[in-house]
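Top to bottom, those sequences are chains A and B. Read in the working numbering, the first sequence has 6 at position 6, and its numbers run on one by one without any break. Position in the second sequence counted from 1, then plus 314, gives you the working numbering.
One thing to keep in mind: the hints can contain errors.
[What the hints assert, rightly or not] Once the Cα atoms are required to be at most 25 Å apart in a straight line, the calculated SDA-like pairs of lysine to any residue come out as:
1) A/K133 - A/A177
2) B/K334 - B/V322
3) B/K481 - A/Q91
4) B/K334 - A/E139
5) A/K137 - B/T332
6) A/K23 - B/R569
7) A/K137 - B/K334
8) A/K137 - B/W403
9) A/K137 - B/Q479
10) A/K133 - A/D117
11) A/K23 - B/F446
12) A/K23 - B/I561
13) A/K137 - B/F446
14) A/K133 - B/T562
15) A/K137 - B/G336
16) A/K23 - B/Q479
17) B/K334 - A/D138
18) A/K219 - B/K481
19) A/K137 - B/V322
20) A/K137 - A/G162
21) B/K481 - A/D117
22) B/K334 - B/F446
23) B/K334 - A/M97
24) A/K137 - B/A399
25) B/K334 - A/L99
26) B/K334 - A/A136
27) A/K217 - B/W403
28) A/K23 - A/G66
29) A/K133 - A/G162
30) A/K23 - B/P564
31) A/K189 - A/K137
32) B/K481 - A/D22
33) B/K481 - A/L24
34) A/K219 - A/I114
35) A/K137 - B/W333
36) A/K133 - B/I492
37) A/K23 - B/R566
38) A/K137 - B/L326
39) A/K133 - A/G47
40) A/K219 - A/D33
These aren't lab readings, by the way, just hints derived from the structure by calculation.
These are the residues of each chain, in order.
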Amino acid sequence: MAASATRADALVHARGLTKRFDKLVAVDAIDFDVQRGEAFGFLGPNGAGKTSTMRMIGCVSSPSGGELRVLGLDPVIDGPRIRARLGVVPQADTLDMELRVDENLLTYARYFDIPRDVARARTQELLEFVQLKDRAKDEVEPLSGGMKRRLTIARALVNEPGLLLLDEPTTGLDPQARHLVWDRLYRLKQQGVTIVLTTHYMDEAEQLCDRLVVMDKAKIVASGSPRSLIDQYSTREVLELRFPIDAAPALDGKLDGIAERVEVLPDRVLLYAHDGEAAASAVHQRGLRPESTLVRRSTLEDVFLRLTGRSLIE
Amino acid sequence: MTGALRVVEHHLMVYRRTWKGGMFVSFASPILFLAAIGIGLGSLIARGPVHTVGGVSYLTFLAPGLLAATAMQTAFVETTYPVMAKIQWLRTYDGMLATPLTVRDVLGGEIGWLVIRLATTAFAFFLVMVLFGTVHSLVALLMIPVVVLNGLAFGAPIFAFTATQRKDKGFPTIGRFIITPLFLLGGVFFPIAQLPPIAQGIAWATPLAHSVVLSRSLAIGGMNPSALIDVAVLAAYATLGIIAASITLPRRLVR
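Chain A with its partners taken away, still in its complex shape (with noise of 0.2 Å):
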């Protein structure tokens, strides 16, 4: 996706983008754009920003401030035209509890008005796609956390929308159901449907996202590919070591030269370096004796962290 795509081409165009609830800024003067058939990420902590953004993406909060267009309209002139368009993952799912499975799909896809026949059809085909098809007459309480994300994936799917919006699609997931949820995310993409996603999971940034920005305190501070914002910002490896909590404070000045930076966390030190094993056997030679060692490849969390200063989760 070419960086000098013009306004017309993106599906989500925003600039200077502001949202203020009385005195408090939630976001501040955001400028970024979605392309067509690409997953783009707001990656950041609680409290960044990206609930607001979602949430004027999605035409149910009005901008304080700023430029944005979804889908070429205005979303304080065009809302019900927009998301008539659109497909929303809210963070809190917004299930029906009186209402069965596919029940849930059925009276939504009436919100749209889908005639009843072809969102009969709808629905056994997106509980298909995100298999629950053998629970479509079970009671939604019951399902698990995984299912009922499932739901809500295949109820904001109901309208075929080429634009889906996930307001972290699998918070408080276990890793088996997160892995499902990426896989179908995942062929929706390839089906061509564009996503913009927020999460505070690196691993789901780099899991689903093409381009991704990174926010903190209401504010963008980095954007790019995953991949080219951990080479421009973080190493290629990283060296964590874990000291006795006594011995940490003896530390100071035996690890200079060994990394080109080094971050001591509350609970262990962050070595980043090219070579994370030769960093290692430079930390022994010098005598020290971390509790444990541990090698691996730079994430968007270091990236995070080389931002902020701070840990994506707290």
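Let chain A serve as the given structure and place chain B on it in line with the hints.
For chain B alone, kept in the frame of chain A given last:
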């Protein structure tokens, strides 16, 4: 407009699963009240010095008042906890507003559904009244729109109030200080004229008293002289309530 119909449709889908219980209560409650108080207590009155209340048997006096009070209570029940749940606990409205539906559709649908609920419970009550022989004219059918309007006169303002609430603490307060006192003292069980003057003034300032006297006159096939004023009071409460809700609901749901 079609948006509001979709919201009503959602209600119908939910109601399809619960209507049996609701329908049972709609019939059982008036039967119990009319039998116990109308006939039971009424038989004591018939043996007393006056025999009648306002010129009719106590059962005939009581039934239209109870009908109006039932509409008030139905409206109270429908516009408190279920609305709170959809705003805050289940976030049903948030789900709806992510679709082409607007807050206006949501409000329109909720008011529409309230009208349907009020009309069906009132009709069930009406059938019970026929069964008890307290309906003396076809004109009595007009009681149904009257008490539906009475239900709206309570339901719409309460809906507006619910949209401002973050907790459900206010609902029992409404029940204790408005709904129950009106039910007991608002002209359902005895004529308002027997209340002390101040209480009479308060009673006439509420919708219930107006819908009670109007229903009562319609039940025996008449029309009380102040009918237009009664309808105007009910309509004013309902209209103001809907206007208030069309301010408080968007304020709550659109941030």
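Hints, verified against the model:
no., hint, result
1, A/K133 - A/A177, "holds, 17 Å"
2, B/K334 - B/V322, "holds, 18 Å"
3, B/K481 - A/Q91, "holds, 22 Å"
4, B/K334 - A/E139, "holds, 19 Å"
5, A/K137 - B/T332, "holds, 16 Å"
6, A/K23 - B/R569, "holds, 14 Å"
7, A/K137 - B/K334, "holds, 20 Å"
8, A/K137 - B/W403, "holds, 24 Å"
9, A/K137 - B/Q479, "violated, 35 Å"
10, A/K133 - A/D117, "holds, 18 Å"
11, A/K23 - B/F446, "violated, 63 Å"
12, A/K23 - B/I561, "holds, 23 Å"
13, A/K137 - B/F446, "violated, 42 Å"
14, A/K133 - B/T562, "violated, 40 Å"
15, A/K137 - B/G336, "holds, 23 Å"
16, A/K23 - B/Q479, "holds, 22 Å"
17, B/K334 - A/D138, "holds, 20 Å"
18, A/K219 - B/K481, "violated, 33 Å"
19, A/K137 - B/V322, "holds, 22 Å"
20, A/K137 - A/G162, "violated, 28 Å"
21, B/K481 - A/D117, "violated, 40 Å"
22, B/K334 - B/F446, "holds, 23 Å"
23, B/K334 - A/M97, "holds, 19 Å"
24, A/K137 - B/A399, "holds, 23 Å"
25, B/K334 - A/L99, "holds, 16 Å"
26, B/K334 - A/A136, "holds, 23 Å"
27, A/K217 - B/W403, "violated, 28 Å"
28, A/K23 - A/G66, "holds, 17 Å"
29, A/K133 - A/G162, "holds, 24 Å"
30, A/K23 - B/P564, "holds, 21 Å"
31, A/K189 - A/K137, "violated, 29 Å"
32, B/K481 - A/D22, "holds, 22 Å"
33, B/K481 - A/L24, "holds, 24 Å"
34, A/K219 - A/I114, "violated, 39 Å"
35, A/K137 - B/W333, "holds, 19 Å"
36, A/K133 - B/I492, "violated, 49 Å"
37, A/K23 - B/R566, "holds, 18 Å"
38, A/K137 - B/L326, "holds, 18 Å"
39, A/K133 - A/G47, "violated, 36 Å"
40, A/K219 - A/D33, "holds, 15 Å"
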